[in-house]
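K.L.:
Turn these sequences into a full structure, and let the hints guide you.
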Amino acid sequence: AKPAGIHTYAALNAAHPAQFTAGSSPGLVAVYTPDTTGPGRLNGVNLSGPESTGNATTPFPGTYGSQWIYPTEADFNYYQSKGLTLIRLPFRWERMQGTLNGALNSAELARMDTAVARASARGMKIILDMHNYARYRTTQTVTYRFGDTQLPATAFADVWRKLADHYKNEPAIYGFDIMNEPNGLTGGAWVTYAQAAVNAIREVNLSTWVIVEGESWANSWGFETKNPNLHTVRDPIGRLMFSAHSYWSDAGTDDYKSYDIEAGYPEMGVNNVKPFIDWLKKYDAKGFVGEYGVPNDDPRWLVVLDNFLTYIAAEGVSGTYWAGGAWLAGSQISCHPSSNYTVDRAVMSTLDDHP
Numbered sequence: 304a305k306p307a308g309i310h311t312y313a314a315l316n317a318a319h320p321a322q323f324t325a326g327s328s329p330g331l332v333a334v335y336t337p338d339t340t341g342p343g344r345l346n347g348v349n350l351s352g353p354e355s356t357g358n359a360t361t362p363f364p365g366t367y368g369s370q371w372i373y374p375t376e377a378d379f380n381y382y383q384s385k386g387l388t389l390i391r392l393p394f395r396w397e398r399m400q401g402t403l404n405g406a407l408n409s410a411e412l413a414r415m416d417t418a419v420a421r422a423s424a425r426g427m428k429i430i431l432d433m434h435n436y437a438r439y440r441t442t443q444t445v446t447y448r449f450g451d452t453q454l455p456a457t458a459f460a461d462v463w464r465k466l467a468d469h470y471k472n473e474p475a476i477y478g479f480d481i482m483n484e485p486n487g488l489t490g491g492a493w494v495t496y497a498q499a500a501v502n503a504i505r506e507v508n509l510s511t512w513v514i515v516e517g518e519s520w521a522n523s524w525g526f527e528t529k530n531p532n533l534h535t536v537r538d539p540i541g542r543l544m545f546s547a548h549s550y551w552s553d554a555g556t557d558d559y560k561s562y563d564i565e566a567g568y569p570e571m572g573v574n575n576v577k578p579f580i581d582w583l584k585k586y587d588a589k590g591f592v593g594e595y596g597v598p599n600d601d602p603r604w605l606v607v608l609d610n611f612l613t614y615i616a617a618e619g620v621s622g623t624y625w626a627g628g629a630w631l632a633g634s635q636i637s638c639h640p641s642s643n644y645t646v647d648r649a650v651m652s653t654l655d656d657h658p
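Residue numbers (our numbering): 304 to 658.
Treat the hints loosely; a few may be bogus.
Only pairs whose alpha carbons sit at most 35 Å apart, straight line, appear in this in silico DSBU-like list of lysine-lysine [claimed, not checked]:
id : residue 1 : residue 2
1  : K584      : K465
2  : K585      : K560
3  : K560      : K465
4  : K584      : K529
5  : K529      : K560
6  : K577      : K471
7  : K471      : K560
8  : K585      : K529
9  : K385      : K584
10 : K385      : K471
11 : K529      : K465
12 : K471      : K529
Ranges between beta-carbon positions, derived for each pair [unchecked claim]:
id : residue 1 : residue 2 : range
13 : G343      : D600      : 32 to 40 Å
14 : S510      : D656      : 40 to 48 Å
15 : P658      : Q453      : 37 to 45 Å
16 : R537      : E376      : 33 to 41 Å
17 : D416      : T442      : 36 to 44 Å
18 : P602      : D553      : 41 to 49 Å
19 : D553      : N404      : 35 to 43 Å
Read the hints as simulated data drawn from the structure, not as lab findings. Predicted model only: the values in this text are computed from it and were never measured. From the three backbone atoms N, C-alpha and C, an ideal C-beta is built for every residue, glycine too.
P.N.:
Right under this line is the structure:
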């Protein structure tokens with residue numbers, strides 16, 4: 304494997320002595336070898352609920368159980384039974400840390416701990432996904448974005464340092480998805496903030512993989528054009544994955560019109576995600592597809608999904624379907640069952656063929 308960077312010897316060698324050149328002086332440097340094995344290829348599902356914000360008039364951060372929920376035991380049991388053993392858990396930064404640079408919220412952290420424990424008890428893996436779109440909402444009406452002086456990279460680093468420290472000994476964590484769908488940024492802000500978070504995580508946690516999404520809503524189509532410098536983000540121990548989202552509607556979102564209006568065809572998903580896969584190959588990078596989904600109302604969409612899942616599996620890329628969980632059960636692309644978990648959605652017949 305190619306050396307990916309040079310770092311001070313002492314801290315890295317303390318945790319990974321076998322990986323680094325021997326030496327006794329803290330002033331020495333070590334050239335590390337990236338982890339080429341990856342965390343293991345799995346397919347799974349997003350479990351929606353913790354990320355919910357409602358609309359502009361919805362109280363925020365709101366009341367637990369009314370404005371947001373966490374997945375239940377029954378949710379984990381169902382998806383485990385379908386062989387979908389990778390869970391992506393979206394959450395809101397403001398609920399986890401009500402004041403920038405402040406302590407983590409003990410109640411919200413306990414809810415997350417419960418979700419992690421439920422995954423662990425079933426032999427499942429879980430991704431913690433900060434679902435904030437490169438923003439932080441300070442009041443009902445005031446939101447700052449990455450690049451604003453009120454929301455510095457040091458604040459983003461702070462929250463991830465604290466979360467990474469809290470979960471540093473938790474083997475059920477598949478990865479930290481440090482920010483969902485960054486968008487609307489300027490001046491290369493995302494690369495700066497992402498690197499700050501990676502560095503902070505590695506100050507306290509030298510085991511968990513870090514997932515860095517692409518800019519422009521992490522859209523897989525045109526990934527390289529939208530992310531000219533993303534490949535420059537570096538991890539001192541090489542446990543870094545880059546992530547894209549792949550939706551096949553004309554709008555590039557999870558809001559689909561009919562198969563015919565969308566001009567659907569069997570390789571639609573493959574062609575949409577291929578630019579991202581090509582980018583991974585160009586930069587010899589590990590990849591992950593954090594969101595994808597299709598409507599349940601036309602079996603032709605299931606062919607598109609099946610071809611897509613076959614393709615990313617052949618490329619060694621894991622993915623999580625959007626979305627499971629009761630919170631979005633009414634969505635046209637939901638994979639959440641009905642009738643008290645006894646009736647599967649149409650998409651599940653395809654998803655459970657690709658564990």
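K.L.:
Is it true that S510 and D656 lie within 40 to 48 Å of each other by Cβ?
P.N.:
32 Å, violated
K.L.:
Is 33 to 41 Å a correct range for the gap between the Cβ atoms of R537 and E376?
P.N.:
39 Å, holds
K.L.:
Within 32 to 40 Å or not, the Cβ separation of G343 and D600?
P.N.:
34 Å, holds
K.L.:
Is K529 close enough to K465, meaning Cα to Cα at most 35 Å?
P.N.:
Roughly 30 Å separates the two Cα atoms, so the pair holds.
K.L.:
Should the hint that P658 and Q453 are 37 to 45 Å apart at their CB atoms be regarded as holding?
P.N.:
This hint holds: roughly 44 Å between Cβ atoms.
K.L.:
Can the restraint linking K585 and K560 be considered satisfied, given a maximum Cα separation of 35 Å?
P.N.:
34 Å, holds
K.L.:
So if I understand the rule, the pair passes when the alpha-carbon distance is 35 Å or less; does K584 with K529 pass?
P.N.:
17 Å, holds
K.L.:
Measure nothing beyond the straight line between the CA atoms of K529 and K560; if it is 35 Å or shorter, mark the hint as holding.
P.N.:
26 Å, holds
K.L.:
Within 35 Å, alpha carbon to alpha carbon, are K577 and K471?
P.N.:
34 Å, holds
K.L.:
Hinted pair, alpha-carbon criterion (35 Å max): K471, K529. Please report holds or violated.
P.N.:
At roughly 32 Å apart (the allowed maximum being 35 Å), K529 and K471 satisfy the hint.
K.L.:
Just to be careful, I want the Cα atoms of K584 and K465 compared with a cutoff of 35 Å; is the pair within it?
P.N.:
It holds: about 33 Å lies between the C-alpha atoms, which stays within 35 Å.
K.L.:
Given the hinted pair K385 and K471, is their alpha-carbon gap at most 35 Å?
P.N.:
29 Å, holds
Against the hints set out earlier in the document, violations occur for numbers 3, 7, 14, 17 and 18.
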